[in-house]
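Just so you know, the sequences run in chain order A and B.
Read in order, the letters of the first sequence are residues 1 to 112 in the working numbering.
Read in order, the letters of the second sequence are residues 1 to 111 in the working numbering.
Calculated directly from the structure, the hints in this document are not laboratory data.
Since we're looking at a predicted model, the values are computed, not measured.
Note that the Cβ used here is the ideal one computed from N, Cα and C, for glycine as well.
Hints are supplied without guarantee of correctness; some may be wrong.
Beta-carbon label-pair distances, calculated as ranges [stated by the list, open to error]: (1) A:Asp54 / B:Met39: 33 to 41 Å; (2) B:Gln17 / A:Phe9: 36 to 44 Å; (3) B:Gly42 / A:Asp69: 33 to 41 Å; (4) A:Asp69 / B:Ile5: 36 to 44 Å; (5) A:Lys104 / B:Arg85: 17 to 25 Å; (6) B:Met15 / A:Gly15: 43 to 51 Å; (7) B:Ser7 / A:Phe9: 31 to 39 Å.
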Amino acid sequence: GEDVEQSLFLSVREGDSSVINCTYTDSSSTYLYWYKQEPGAGLQLLTYIFSNMDMKQDQRLTVLLNKKDKHLSLRIADTQTGDSAIYFCAESTRGSQGNLIFGKGTKLSVKP
Amino acid sequence: DAGVIQSPRHEVTEMGQEVTLRCKPISGHNSLFWYRQTMMRGLELLIYFNNNVPIDDSGMPEDRFSAKMPNASFSTLKIQPSEPRDSAVYFCASRYRDEQYFGPGTRLTVT
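With the rest of the complex left out, here is chain A (with noise of 0.2 Å):
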């Protein structure tokens, strides 16, 4: 079945980069999606990635796919402090009709 696996922890320093990973099961992926969520709010929606890419590049954020070992990954660059927060990925795939399946979230913190 679908499953989307993330650690649940990271801690940074501020002005480090950050790399969150994330492992999915399902081959058949289309959109894969980082979402953050600070405290108190909702889910924040990043940045995605089509799955016929393997990279993507947003100001700070890096998203990498490698496809072939099913893993993603989020590098925040130049981590502040506003960055600590929670971030999900997700992943979409032809079967699901958009529904999107979640990891638990991987908690960032950034320490100054």
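Given chain A, put chain B in place with the hints provided.
For chain B alone, coordinates are given in the frame of chain A:
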């Protein structure tokens, strides 16, 4: 655009009462999703609609939960009767093409 709008933002009710959560999707979006988020279970999809038609309600936990989408700009999620284990944050999201956007959520506490 104001984004996905949910009301109320917070709801505290007593066990056994009926609770109605409301959602206004982003104009022009043709899919709407209801999710529940708890510490224990994470983010769970309850039900979703395409063009106002319910497509998959397999995530609705029990018959006490029901959802409607009478038109393209409004949806409700109703819990009757509510129980303490229903306490969670309920999110509505709407989608256009490949982008899904979430509302701010309703924090429900059932005592």
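### Those earlier numbered hints the structure runs against, lowest number first
3
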